[in-house]
Amino acid sequence: MNKRLNQEAKVKGKIFAFLLTFATIGGVLAISQAFLIATIVDQVFLKGMGISDVWLLFVMLLFVFISRSLLSFMTTRFGVKVASFVKTMLRSRLVSKLAKAQPSNLYKEKTGKRVSVLTDAIDQLDPYYTSFLPQVMQAGLIPIMILVVVFTQNIYSGLIMLVTAPLIPVFMIIIGSMTEKKSREQMDSMLKFSGHFLDILQGLPILKAFGQSRRQRNEIEAKSNQFRDTTMAVLKIAFLSALMLEVLATIATAMIAVEVGLRLVYAQLTFHTAFFVLLLAPELYMPLKNLGASFHSGRNSIAAAETIWEVLDEEEHNPSWGGKKLSDLHRLTLKIENVSFQYNEEKSILKNINLSIEHGERVAFVGRSGSGKTTLLKVILGILPPTEGCVMVNGIPLTELQEDEWLNQIAYVSQEPYLFSGTIFENIRIGNPNASREEVDKAAKEAGIDRFVAELPNGLDTHIGEAGHGLSGGEKQRVALARAFLKDASLILLDEPTAGLDLETEAYLQQAIEKLSKKATIITVAHRLQTIVAADKIVLFSAGEIVTTGTHEQLFSQNELYQQLVSNYRGEHT
Amino acid sequence: MKDLVPLMKVMLVEKKAILLAILLGFLAAISSVGLLGTGGYLISQAALHPPLYTLTLTILFVRFFGLSRAASRYAERYFSHKATFTILGKLRVYFYDKIEPLAPALFASYRSGDLLSRVVADVERLQYFFLRVFYPPLVMVVVFITTSIVIYTFSFVMALVLLVGLLIVGFVIPFFFTYLTGNSGDHLRQKRSLLSVEITEFLFGFTDLRTNQRLKAKQAKIENFSADLIAEQEKDLMLAAKGESVSLAAAFLTAWVMLLVGICYVNAGQLNGVFLAMLVLMTLTVFETATPMATIPGHAVESKAASKRLFQLTEKQNKVDEEYKKIAVPTTPVKLAFSAVSFSYPNMQRQVLKEISFEVGQNKKIAIVGASGSGKSSILNLLLKFYKQFAGEIMVGDVPLKNISEEDARKFFGVVAQENHFFNDTIRANLLIAKPNATDQELQSVLKDVSLAHFQLDTVLSEKGLSLSGGERQRLAIARMVLKDAPILLLDEPTTGLDSLTEQEVLSVLWPKMKGKSVIYITHRLVGLEKMDEIIVIDKGKLVEQGSDKQLMEEKGHFYQLKQLEKEKFDDGVRNVF
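The listed protein sequences correspond, in order, to chains A and B. Quick note, our numbering runs 2 ahead of the 1-based positions in the first sequence. Quick note, our numbering runs 16 ahead of the 1-based positions in the second sequence.
Possibly wrong hints are sitting among the right ones.
[As the list claims (entries may be wrong)] One side only, chain B facing chain A, incomplete, derived with CB under 10 Å: (1) Arg93; (2) Phe222; (3) Asn228; (4) Lys232; (5) Ala233; (6) Val262; (7) Arg426.
No lab work stands behind these hints: they were computed from the structure. Please read all numbers here as calculations on a predicted model, not as lab measurements. We put the beta carbon where it would ideally sit given N, CA and C, even for glycine.
Bound-form chain B, shown alone:
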């Protein structure tokens, strides 16, 4: 239950809607009970052949309950769904608030990119917590108590029987089956993920498996895991089916005992026989509200697991206590200095930066080069404060980066990365991220500036901007950088993955934007580096060389060798020239 407390808190913000839905659910259920109860009473009364007018009131009640059941069920559905969707919205915002501070460090620390899809699916699952777990017992309790009170006016013992039946069907059985279900949710998930890993390997590693003749072994493994999973699922479904039929049996048994007690009372003359049919029908109907209780264990376990995962994720925030200095919004470049910075990503054993020291003077342009995987990009991650724990010191102007708040720190930098995220939204919306108050005119002129004048601001980009070509995406990213107009530019492999013609186009758009700014240009391509004031060569996290393009070429060291190597390579870009 502990895992669900934070969820309840979020949900209970919608108190009013929840109360309304419960009230309507109660009305619908009690109308059902009333309809059949009064129906039973009506025919019992009629069997005594009284004058017709004595039946009028009962007939009226029968009709009233018939209509009120239909109407309240409709309203109940409407409001409970509305409440559910509102809760979903609140949950999204709640988790957004929790996850926002963790990005992107959180994303990197997990195995695959499916973390986020899982978050979204979990949030989605939790929206039904209200409809399937929270709401049915409440409605049921209110309905049973009301019905018991009505029955109490006829017989105390029968009311007691009903309440005991409620206790058993509504609580004892669900709790018992929740207990039996135990960790089966975890088992199921575990088995499913085992299978899913095997299948992923089977499909993505197909060629390697095949050439090494391991397909058959893999196939056998998949069949094994599949059998395991299906057996577990079967166990789960069987248990649920057992729960349902045990509930059903208990409900029937209650009705049976009610009938028995009723007959004894009639025989003893303590109950008018005219009410017997009514009481039996009410009992049979009232258990309809208890039917959803049987599925509660399954849903509860699922919600609990989803909630646990989500809250565990957000609990991971290890707070770094830092005292932030208030700083003025920068308009001109300041000096950046790294001194003996070492860094490794959380949960990774390898150090990606080892005692790196260098400076970027005002308006200076430096390139950081090295092989892919040499740790260059972590420099950007540190500057943007995506990761905060590192050894050594980074100075921004004369303030340590540690003492600048995340938001302030990011104001210094304009970023173009290798892969820039674009939202599945209009081009305008994608640009306004960089400058929320920009006018359409301003946006259009910036688009023109990056040779994208043909773009319409209202065009909706497809998911991740995949409808654009690689070059267009990079130029759009440059447009965002220009709009932000930050004093220091961080360019992280902005042309990687582009062919050389496109690379040229992008670079020719990019170079002029560097005027009057400090620049850190991270790249493993060694093109056009003579334009930079200084080149820093990083190899396996260590700074191995530092100097201008000319100096480094003359020294014939690491940089020279890299350059030779690059010259020796056909890469796809070069081949596109002819």
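Next comes chain A alone, as it looks inside the complex:
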């Protein structure tokens, strides 16, 4: 059992009370069934009664049968309801947690895992509530109830059961500690083998290019069989333990049958008691065996839950916001004061940054990759809360501003903007959901989208796939720029592309940025000399620190690092 999974469900009500009640009713019904059948057969077989004498018992038996099937449905239904509740709540909690801040944005590979936590891991919780938990209750309760009843009937059968029944959980624990671990390892390597199959499929183009794809099929079969054989060797042992359980249950049943049979011969027992006990024997072992069967799925759920807790328990570094409003929305002065940033315990990415940016300035961030340029952009954006220091906007700390008001002023164009599935039109309108068709058209034109859109079948209304599949990096940036135009932002944060763009896209980007910079403050992580030279202020980064700031002329005449940088790419490229 998993404490936290039980805890999550408790909000829904007293699940244990419910499940225990269900299990108790189940036990009573099982015992009643055995009793009724034993009585009916006894009366007809030995007492020579007719159907008219036992009809009431028959009706009662029918009632018990129907109740048992109803109860099985009710138990699952309850589990399903609890599961739905927990799943809804957990997903919503995960989403709101992730919506607040996402420092993992720094680590792309984590994002993929998160998607599966939010989808698959949550879906895998069902079996815990629908089968595992009810069966734990049943296995804990019903055998004891039956044992008590059997003891009142026939001490010897009771003793046989008392000795054998606890052995089943004991065996399960032994299996748990001995073979399960091994068979789990083996199952893991089976999974890995699936990974191998995937690896080969992904490598097919290479295999084909080298003419080896046919040969690989034999390899797959050989490896499959090899894995099968090693797996079977392990499963053999795992099954052996299951065999012991089975032997125990059957031998016990056989022993009881023989024992009560022999006592019956010597008239130490009535037929009714003997038959009753024999009917109860399988009912005793059934819940224990069922538990063994749902053990695996229960553990899968628990493992999935662990991945969920991991995300939920992650320490939060949320940027905080306040309620202050800016007095002059269209004149922004930024002051970055003593800003440092580091992610968890890792080495610091920004160290003690001080920088002020005036309204309407064009600022270029320059430096090698990993020197902290993009991180500072994200700090200004308000996505990453600085570990130390603060960003002041018109004299007010960013953390005291209203989030929405701040974001209304900003347009952020990353190296690879994310486009959402939908039309290009919709993607631009994200910048301002209230914009009219004309305004979107105008923004599209200003960002130079109209040219490449003209080649598409439905123009701006062309559907683009998930993540903007089918558009190039430069085209995606132009869409993001159109969002910026539509927004009429007063601060633009731009990550210039490094990838090889075609001449036309380059030209359009340049024009668009030129137009934007007339109205707004613009901070660029720059890769083009043109941008850098045209900047009012160049900020040179190295290893998370600002080395110097100034205009191109100033830096070129004073800073050796900058000189090197410029001459390096004016000259030959290597």
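Let chain A serve as the given structure and place chain B on it in line with the hints.
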């Protein structure tokens, strides 16, 4: 059912194992029935207080059934799992054979890279088809028929009752619930994929959503889709639960009717009362084999869907009927000629190549340059016959490429791409792909040749070779190309994504290998192109310029502008210099 026929065919290759598993499953189930039946008979007999020796045989049977049930259940588990794993292996090979001809065109035509993971997961799912869908009904039918025959010796009507019960629990109810389940598998998948798209956008597009203040809307959307999905899942689970309890009720009802009929017969003196307990116990136990039937609809729907997806995928092979000429294995370069080649990827509207014509003479080295996304790489895809439908003509020597088989065509080319796949296997295995019969010595000398002498052949590479640095991966790819020793080299952006120092290292390893070969060097980096005999500039699928580095620089056209632009860029590579 139609969707499952090809699956059955693959599965039935393992006839022997399947029959054995079914036989053992039958033995296990019939032993259960026997155990409780003889147990009931034993106590009924005993109740009449006969001399003890008359019971010996029954006691023996009780013990025998007890042991045989345990033993046969064990063997059944063993063999059914073995059969399952063997089937899995066969399924993998089967689908590999189907998918192999489709790569890599198939991969490109799908939305994300998850196609392959889906294929693997679907294949995995199908392995349980045997264990969960195919096997239980067979075992059940055999057990019920056997039990009915035994009961028939006592009473025809009771045997009939049992068979009717079987019909209802084993077939009518599962079919009815399969009918009710209907397309819910599809609905479920649809809802799940809707949610998964939203979540992917939420997480990957987080920054864009946030700066455009769309997070709340997205969150609401996710909660909606999540509620939809969970409601659908709930519906599904409830239906399954209903199916199970209806089956249970039907099984109980059968036992009830059996008891009723039995009593009537005893009353009428047509049945000895001593058998009554036995018959009731047998009936109650025999339905244990019917319990798995309740879960069949769910598994069947799942298998059907998985099977349908897989077979649809493989059906897509549109066969291009071509007459292949047998050609000799090439050892020296031949002339390549493209004339008016136009090409667009399947299901894409844009043409990536528009009437391209050029030649690559014997031992000539040409560069194809252009922005990323200009269609350069499709030239390589066409030459390797990864895509076969294009307009125009490509001549390899004096034979049209269309008339050369895929395998023969690929013998002409040695390839180094931007991203080269490495298998999660030893370095040796990764190299042997290029030359299966190479000796260790040969491999080691090639490694040395690409400055990777420090590599051990037995080192296992991590998934996709990610444990290696970018430069190491490219040099290892060059090693494979050298081992293959093909007459024409296709180099597709071999240094993209590397910093300039590493780029230099890789290029310095690469240049000497070009001696005596024809070369097509595809790149958007304009470094070192003066070493090439000719440069072809492609812009948006069109050939815009052609000539030597010197000529093109003098013409001051497109190439010149690109070069100016590149000079103007700080790129990460340059910055690494200081």
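Outcome of the hint check:
1. Arg93: holds, 5 Å
2. Phe222: Where the cut-off is 10 Å and the nearest Cβ of chain A is about 5 Å from Phe222/B, the hint holds.
3. Asn228: The hint holds - Asn228/B has a Cβ within 10 Å of chain A, the shortest such distance being about 5 Å.
4. Lys232: holds, 8 Å
5. Ala233: holds, 8 Å
6. Val262: holds, 7 Å
7. Arg426: Status holds, d = 5 Å.
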